[in-house]
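Chemist: The primary structure of each chain is shown beneath.
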Amino acid sequence: MSLRVRVFTLLAVVVVLATAAVLYIRTAAASRTPAVGATAPVTLDAAPVLLTVTDRHLATVSMMDPAGPRTVSAVECVRAYAAGGTGVCLRQATPWAYQLQVLDRTLTTVRSVDIPGLPNRARVSASGRMVAWTTFVGGDSYNSGGFSTRTGILDTRTGTLVPSLEEFTVPARAADRNFWGVTFAADDNTFYATMSSGGQRYLMAGDVAARTLRPVTTNVECPSLSPDGSRIAFKRAIEGDPTKGWRLSVLDLATLAVTPLAETASVDDQPAWLDDRTVAYTLRQADGRPDVWSVPAGGGGAPRLLVPGAESPAALGVPGGANG
Amino acid sequence: MYLSTIDRTAGPRARGRAFVAGNVVALGTVSLVTDVSAEMVTAVLPLYLVLGLNLSPLAYGVVDGVYTGATAVLRIVGGYVADRIRARKALAGLGYALSAVAKLGLLAAGRSLTGIGFVVAVDRMGKGLRTAPRDALITLSTPPSALGRAFGVHRTMDAVGAFLGPLVALAVLAGSGQSYDAVFVTSFCVAVLGVAVLVLFVRERAVVAPVAAPRPGLRDAAALLRVAGLRRLLLAATLLGVATIGDGFVYLMLQRRTELGLVWFPLLAVGTSLGYLLLAAPLGVLADRIGRRPVLLAGYAALALTYLLLAAPVGGWALLVAALGAYGLFYAATDGVLMALAGPVLPDTLRATGLALVQTGQALAYLVSSVLFGLAWAAWGPTAAVLAAALVAVVAGGVTAGLLFHKGQAA
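Going down the list, the protein sequences come from chains H and V.
Those letters in the first sequence? Residues 1 to 324, by the numbering used here.
Those letters in the second sequence? Residues 1 to 411, by the numbering used here.
FYI, nobody ran anything at the bench for these hints, they're computed from the structure.
Built from N, CA and C at the ideal position, the CB exists for glycine as well.
Worth double-checking, as some hints may not be accurate.
In silico contact screen, one side only, chain H against chain V (beta carbon under 8 Å); selected entries [what the hints assert, rightly or not]:
1) Val14
2) Leu17
3) Ile25
4) Asp176
Derived list of chain V stretches under chain H, where covered just means 3 residues or more per stretch with a C-beta under 8 Å from a C-beta of chain H [as the list claims (entries may be wrong)]:
5) 181-195
6) 236-246
Using the sequences plus the hints, can you model the full thing?
Modeler: Here it is as structure tokens:
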């Protein structure tokens, strides 16, 4: 082939490939479901309603009829939680960057924090004062590639921001420690979180004022404190090996006894308490569609499909306003 | 002594020659286009797996392990097969094509982690297969005196592609309403373009004139290890691997030292590649002028300097710029230069096999050293660990100097 023939061949290839790519991109853009048009006022007031994320929008459903009609707001979140009249929304700011927004009762943003990496967990303390979040961060892992996590805490009353729990004092000084999944106690100072270090995952009890963390037990991930403060719902790695999946379980803080719940599917979510007897969590179908399920916290009974096509459950009417 | 003379064989053939051979520019273009395609996917894969498919980070780690681990040994296989069937272009083409198909495979795999792992393995297989034959083609189309700049130009074009990839992915995401599928399809189209450039513009000249010359067998490949010059280079490459602790650690320390906002963390890698991109070609030219070995050793010095800066009592922007600059300099002074050193030591018939040996030696040593550094970090704390790494870099540089300036028996 002469140079001329080769150049023209290449140009033809470029035209064909560019056309194919542009057509695909335009088709993809056209097929995206438009943002929810009809919106209604969603509030974070204490009421027997469940807050969820539905098609990336904050929405509420009645606890009396969770599968029934839902009120969808215009606020877009990847992950959300609310308690005590304070909401937290992890949303996409640009294709590469995410933002944490603290919302008031009317879903108005009162504070924004730029967060690194991909949103994963979000929590608010029962009083609405303390906010916590976890993101996955790529690039700084300790074995080239893979993820590590960053967990931050914000005191909405004083404005104090802890960008990473790695700043807190921990008895062991392992370099590879990672934190995720915060849950707050009623005093707005004590909290629980998961720390992983050296391949082991610990339940840590934290003290915001003292900036310390101490280990409580092992193999507890994504803890969620019950409204009465006595138990922790969490995901437990099967046989201590997360590659085998997780079993939704409840830990009694007084005895450290662990009760596996009736849900046998692998749950990769931070559970949320609906009341002192029931735990809600997100399960995904084969195509990735999320559903919110609930299961009795005592270990018996059976899982129940609560809200189809939703994720990030938060009960706004939990007695005493406790957080999950 | 072969090695000590190669740096100075600025042959008369070099007169009136283009800056680099057309074939090198063609291979560089293939790499540029292919890297745009590859980095598009690398940039969105974490987002896709975690937010698109809602896989846990652990699952992502498993996939990523396949991603990085699968290439090292395959390189030797690819190099040897390319030499054996004397079709380096065809094998490189197969490697590029495999990676292109893998981009569509991501669509087909759907949410299956096994499927995604398989597709990623195919993609890495393609990269493993193509690297050594491609580098062999570069050395075979360049006179030994100009190898430094040939690799410098090639690596610069490669880095430009890696730089553009995430930007193209960003544009596709924006244009398609955040469709990951559209990124994969576009990445596939770009990868096919790379294959087309290879097929149309890269030429493989017959390197062995007599057709009757026996094809290299496994015994010949094993005999490569008896070539003293190669053995020393293999050892040097392994030492280079031992001296590197991994980008992740460097950036993590830098971020902590400079108290850089966590949001800006990804920009550290961008800073390094910018330095690499700007320095690769000039250092390649310099290597041809003053010798490749001094430039390679300067790379060790830059590496040791990077580690020392990470432990130095300075901070702020000055530290950031100095450390990233030194780190980019390290890459630019070692990556292509090592290949330029290796090329002339190897017989034409086993060029790809030999280059693959050197690359694999470096890669495997690096895997071990990054694990060891992680342990040192946990045991002694970051500052002591990074000072130890600086010491290792200095010792490795010293031993490499001894190896490469060795005046012993002829190779």
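Chemist: Holds or violated: the segment 236-246 of chain V covered by chain H, criterion of 3 or more residues with Cβ-Cβ distance under 8 Å?
Modeler: violated (count 1)
Chemist: Holds or violated: is the Cβ of Val14 (chain H) closer than 8 Å to a Cβ in chain V?
Modeler: holds, 6 Å
Chemist: With a cut-off of 8 Å between beta carbons, are at least three residues of the segment 181-195 of chain V near chain H?
Modeler: holds (count 8)
Chemist: Should the interface hint for Ile25 (chain H) be scored as holding, given a Cβ-Cβ cut-off of 8 Å against chain V?
Modeler: holds, 4 Å
Chemist: Mind checking the CB of Leu17 (chain H) against every CB in chain V and telling me if the closest is under 8 Å?
Modeler: holds, 4 Å
Chemist: Going by Cβ atoms only, is Asp176 (chain H) closer than 8 Å to chain V?
Modeler: Status holds, d = 7 Å.
Hint compliance for this structure: hint 6 alone is broken.
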